[in-house]
Amino acid sequence: MALADTRFLPRERFQTLLDALIERGFRCVGPQVRDGAVVYDTVTRSSELPVGKHDMQGPGTYRLEDAGHERMFAWANGAQAIKPHLFPAREPLWSAERGGAGSIEFTPHSAAPEAVAFIGVRACDLAAMQIQDHVFLHGPYPDPGYAARSEALFFVAVNCSHPAATCFCAATGDGPAATHGYDLVLSELDNGFVLSAGTEAGNAVMAQLELDATTPAQTQAVVAQGEASISAQTRSLPSRDLRDALFNNLEHPRWDAVAERCLACGNCTMVCPTCFCHAETEEPTLDGHATTHLREWDSCFTTGHSYIHGLQVRADIRTRYRQWLTHKLGSWHDQFGRSGCVGCGRCISWCPVGIDITEEVAAITGD
Amino acid sequence: MKPVVAIHKFTSCDGCQLAFLNLGETLLELSELIDIVHFAEAGPVDPTAHADIAFIEGSVSTPDELARIQQIRAQTRFLVSVGACATSGGLQALRNGANMEEWIGAVYASPHYIETLDIATPIAEHVKVDLELWGCPVTSRQILAAVRDLLFGVTPAPAQDGVCMECKRQGQICVLVTKGAPCMGPVTRTGCGALCPSFGRDCYACFGPAQTTNCAALARRFEGLGLMPEAIARRFLFINSAAPAFAEAAQAAGGLTKARTPK
Amino acid sequence: MQHPYTPYAAEVVDRIQESRSVFTLRLRFCDPQVQARYRFAPGQFNMVYLYGVGEVAISIVSDPEDEQLLDHTIRAVGRVTRGLAELKPGDRLGIRGPFGRGWPLTAAEGSDVLLVTGGLGCAPLVSVINYIMRRRRRYGRLTVMQGVKHSDDLIFRGRLERWRNVPNTQLILAADQAAPLWPWHVGYVTELLGDIQIAPKHTHAMMCGPEGMMRVVIRELEQRALPDDAMFLSMERNMQCAVGHCGHCQYGGRFVCKDGPVFPYSEVKELFGVKGL
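Just so you know, the protein sequences line up as chains A, B and C, in that order. Position one of the first sequence corresponds to residue 0 (numbering that gives the first Met the number 0), numbered consecutively onward. Position one of the second sequence corresponds to residue 0 (numbering that gives the first Met the number 0), numbered consecutively onward. Position one of the third sequence corresponds to residue 0 (numbering that gives the first Met the number 0), numbered consecutively onward.
Just so you know, not all the hints are guaranteed correct.
Stated by the list, open to error - Which chain B residues face chain A? A few, computed with CB under 7 Å, are given here:
#	residue
1	GLU28
2	ASP160
3	LYS167
4	LEU175
5	THR177
6	GLY199
7	GLN210
8	THR211
Simulated from the structure, these hints should not be mistaken for laboratory data. Using N, Cα and C, we set each Cβ at its ideal position, and we do this for glycine too.
All chains, please: the whole structure from these sequences, using the hints.
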């Protein structure tokens with residue numbers, strides 16, 4: 000079977016895909032509904048997936064509703080996907096112990112690779128993961144924990160068929176169809192899934208399922224669905240490099256206007272799949288004989304982020320929002336050769352006051 | 000030598016002292032490290048003892064407390080105010096906008112027995128406070144972290160982030176975005192571990208204002224959710240009504256009578 | 000490969016009180032192998048870890064050729080540095096490093112060197128002076144300009160006195176406020192820039208201190224026709240990981256920890272002076 004082969008998995012046989020992965024030693028992590036949103040967690044049964052659910056997203060709002068069909072992936076995204084797995088929100092880096100005569104013994108924490116199969120991830124999340132790979136792995140000091148967790152992953156991507164009103168991945172070029180970075184990719188149709196493999200590992204799983212080839216009608220439906228999910232996107236970002244446009248407008252009055260609305264709560268950065276800032280903290284035992292050095296997600300919106308010896312470089316909300324946006328869409332190009340935005344729209348939906356990055360950019364760059 | 004510690008109570012519900020008592024076995028471990036000389040709720044009583052560390056629970060609400068806090072400051076090296084009452088004035092500061100004589104007359108059969116100040120104020124209003132631990136009540140975790148840092152000889156790090164940061168780190172689902180609940184998380188100091196949102200309810204700001212807040216923007220959002228001005232003001236006034244950021248937001252919302260805030 | 004986040008244990012060999020709030024810790028790694036392979040360049044920094052409390056980024060002051068001891072001159076200003084100030088000889092701490100890009104000392108060979116510092120800014124440049132003094136003939140005129148807030152804040156007095164008497168070396172000191180009998184200028188050190196000789200084609204200027212001070216120096220040197228790529232500044236931002244992962248030290252598109260802390264002015268010119276970056 001060649002990689003480009005497509006096969007059809009009937010809906011009622013979706014469990015066989017999970018079973019095949021579990022049999023190969025993977026823990027499947029997939030979408031499910033919790034507290035009114037789609038979250039990623041361990042799944043063993045296809046019935047645990049968000050069957051028949053659809054998400055309504057807008058600035059500062061997210062609602063799940065019953066869509067009256069049996070599709071499992073007819074929603075755009077939840078607040079998180081792959082990031083918390085590879086870059087946990089809180090993670091011990093090393094610990095230290097006091098020995099005799101005041102000595103200190105340091106022990107690095109090692110993360111054991113775990114075989115995890117991600118089910119139903121989107122093109123935007125795979126693109127975001129590649130950006131985070133760049134941050135944590137592609138330099139003179141690769142992050143050992145991140146590297147270990149990256150080792151044994153398997154990705155079952157889903158081509159997005161139901162982008163939310165907040166999505167703009169078509170504009171950033173990162174979706175809605177997954178083009179790389181997956182082992183298997185699915186397109187969900189009403190009665191099942193069109194599969195193709197992106198790696199030999201994916202191919203092997205697909206072969207094991209003994210599926211029929213897709214029919215021309217199914218292939219046609221996948222193409223039509225893909226086109227529709229591009230044209231359904233109403234938001235957009237300019238596709239050009241915005242670096243100069245943003246840095247030439249550091250004193251634009253719009254920064255003041257957005258600072259009037261911004262809560263500096265950091266939610267946008269917490270849900271952003273590419274934001275990588277983290278702070279280091281220390282947790283000693285009460286008796287002080289041992290201590291653990293941890294890192295946890297930080298944000299350029301926090302008070303401590305720009306602290307140096309008694310002063311804050313960015314003391315007000317205006318400069319913090321400006322830092323976030325000019326970095327994400329501007330200086331990110333200098334650092335990583337592309338924009339830091341994959342168009343997932345999470346920062347719009349999960350902003351408690353509904354600040355819309357696409358609107359702010361348009362106002363500041365005049366696009 | 001073990002540092003000498005005193006735990007003093009001012010006007011309060013005693014709930015923050017439970018952060019010590021609830022430690023259980025850890026309290027025994029703690030007593031190996033520090034020497035608690037005054038802790039009336041637990042036993043030892045020596046209110047005038049000199050202390051390396053004094054924890055103060057409660058607000059200054061009576062003439063006696065005005066004098067007592069000066070005395071404690073004079074006999075203390077490192078003074079920590081713990082809990083909403085000690086850091087902002089607490090629930091009892093809700094009376095700061097009222098006519099005290101009328102209220103006392105309405106509540107007590109013999110009002111002449113009641114000696115009280117017109118307003119309830121935080122400890123830092125009266126003496127230099129070396130560290131504030133916010134919360135209603137504070138958690139054992141906050142207390143232990145502060146003690147451990149002091150034992151290491153360093154100033155404890157104040158909690159700086161807002162509740163949203165902790166809420167998202169835990170992977171909780173935002174109740175404001177998914178349910179339209181008037182959650183105070185975006186303007187509230189962390190320290191609780193995002194307790195309320197983790198049970199699906201909205202934060203009510205018992206840890207006081209975060210270091211950076213934009214209360215006006217959150218109040219406008221609450222208005223958009225359909226809250227009336229008085230309801231918005233109540234969100235801000237509830238536990239830490241005299242904290243300046245919240246007092247201003249409540250006044251701006253225009254729902255309630257003007258509260259007197261510390262200078 | 001070394002775990003990039005984990006420190007090595009080091010011992011405080013000596014502690015020198017430099018001024019009321021400034022002290023120097025002289026350190027040696029506890030593991031002789033770590034000590035033997037440790038190499039750094041002037042201008043680089045270490046993450047210094049206080050047990051149970053946390054790390055701070057501190058520049059290295061000692062001479063790169065001193066294989067015995069590693070010196071860090073520190074102002075007690077935050078929780079970690081105040082805690083470090085309490086350490087005594089024999090105490091242990093953690094060291095991770097060296098990190099970052101240092102001063103362009105090879106490129107500066109054969110030319111004059113102008114060093115301008117403000118406040119504790121002198122610490123990162125002391126290793127430069129040490130380095131040049133050891134190789135004095137490779138460099139032209141050395142001008143050291145140092146400004147302090149108060150004359151009592153002046154540190155390294157003994158060394159300054161020694162350096163003053165080296166041929167072809169000029170020392171200029173200034174204090175915003177001065178004790179009686181202060182023999183130097185009272186006011187900003189930048190006020191004395193007009194008095195010094197600068198050969199624009201043969202000078203490397205290196206500066207360290209508050210950004211406001213460095214702005215004034217750059218303006219003056221620009222007027223004296225010193226090219227942008229002959230001016231070098233040491234930038235300071237919050238640093239927690241020191242390896243470009245944690246995001247705190249970003250300055251435009253650069254990470255101060257790994258792309259700096261020393262930058263040619265030409266690399267940061269576009270943003271230098273904009274508040275809140």
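Hints, one by one, checked against the model:
With 7 Å as the threshold, the beta carbon of GLU28(B) comes within range of chain A, its nearest partner Cβ sitting at about 6 Å, so the hint holds. With a cut of 7 Å, the hint placing ASP160(B) at the interface with chain A holds, because the nearest CB-to-CB distance is about 5 Å. The beta carbon of LYS167(B) comes within 3 Å of a beta carbon in chain A, closer than 7 Å, and the hint placing it at the interface holds. Taken as an interface hint, LEU175(B) checks out: its beta carbon lies about 5 Å from the nearest beta carbon of chain A, inside 7 Å.
This hint holds: THR177(B) has a C-beta 4 Å from the nearest C-beta of chain A, less than the 7 Å allowed. A hinted interface residue such as GLY199(B) counts as satisfied when its beta carbon comes closer than 7 Å to some beta carbon of chain A; here the least separation is about 6 Å, so the hint holds. The beta carbon of GLN210(B) comes within 4 Å of a beta carbon in chain A, closer than 7 Å, and the hint placing it at the interface holds. Residue-level restraint check for THR211(B) holds (minimum Cβ-Cβ distance to chain A is 5 Å; threshold 7 Å).
In terms of the numbered hints stated before, the structure departs from none.
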